[in-house]
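J.: Okay, here's what each chain looks like letter by letter:
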Amino acid sequence: MREYEIVYIFRSNFTPEEIEAKLERYHGLLTADGKGEITAVEQWGKRRLAYPIQKQPNGYYVVAQFNSEPEPLSQLERLLKLEDDLLRYLVVLSEGELPLPESMRVLRDGQAGESEDGRPARAKSRRKDEDEEGDEDDDEEDEDDDEDKED
Amino acid sequence: MAFRKVCRFCENKIAQVDYKDEHTLDRFISDRGKILPRRATGTCARHQRQVATAIKRARYLAIIPYIRGYQT
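Sequence lines, in order, name chains A and B. Sequence positions in the first sequence follow the numbering used here and run 1 to 151. Sequence positions in the second sequence follow the numbering used here and run 1 to 72.
In case anyone wonders, no lab produced these hints; they're calculated from the structure. Cβ coordinates follow ideal geometry from the N, Cα and C atoms, glycine included. Among the hints, erroneous ones may be present.
[Said to hold, decoys possible] These stretches of chain A come out as covered by chain B in the derived footprint (C-beta under 8 angstroms, 3 or more residues):
| # | segment |
| --- | --- |
| 1 | 47–54 |
| 2 | 84–94 |
[Unchecked claim] With the Cβ distance kept under 10 angstroms, some of the chain B side facing chain A (calculated, not the full set):
| # | residue |
| --- | --- |
| 3 | D18 |
| 4 | Y19 |
| 5 | K20 |
| 6 | C44 |
| 7 | L61 |
| 8 | A62 |
| 9 | P65 |
| 10 | I67 |
| 11 | R68 |
[Stated by the list, open to error] In silico lysine-lysine, DSS-like type, Cα no more than 25 angstroms apart, as pairs:
| # | chain 1 | residue 1 | chain 2 | residue 2 |
| --- | --- | --- | --- | --- |
| 12 | A | K55 | B | K34 |
| 13 | A | K81 | A | K22 |
| 14 | B | K56 | A | K81 |
| 15 | B | K56 | A | K55 |
| 16 | B | K56 | A | K46 |
| 17 | A | K81 | A | K35 |
| 18 | A | K55 | A | K22 |
Build the full structure now, drawing on both the sequences and the hints.
T.: See the structure below:
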């Protein structure tokens, strides 16, 4: 079991609810065996792409962090490759980054959270670089274990 | 580019450079979108490696451009 982070870029013509439904389908694959667990989902919402992808100027970004065994993950990737509505995705080993960087959080909170849509961001406090605030995050200890190993 | 004695990630005690943080990565790419060398940014070796990886991931995710200052 290791910790991963996935970034999805969907086509921008979806509502948060539609995205939610897709995510549920994807993440269902990971949690199906009862071992995988989604630890954080953060919808960045619609964003301008730095360059067009499939002629689309905008994309809908979602970042999720999860624990998984290798097999469900490869199943997920197989599914994602076939998705037409997904412009791009990236799975990386999570190094304890926040699902939304601090600098972007400040920006978004300034805009009165219009992209938030009441979507609670779980596991906001995963900072390892700053002093550990043990009271905020109880699953911090078991997360640290499998960090150093690489396949 | 002013010479920096200490790597800014070490200074801020950032263990891992985040590829999603475009505002930070922006300081490590040139006006053409190239990755700046250590001599220009003062980044330490460990963090420079992380910066390079982070920039490449961010490029793939269209968070930062591969080439900047160029319009078709």
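J.: State the violated hints by number, sorted upward, taking the hints as numbered earlier in the document.
T.: 6
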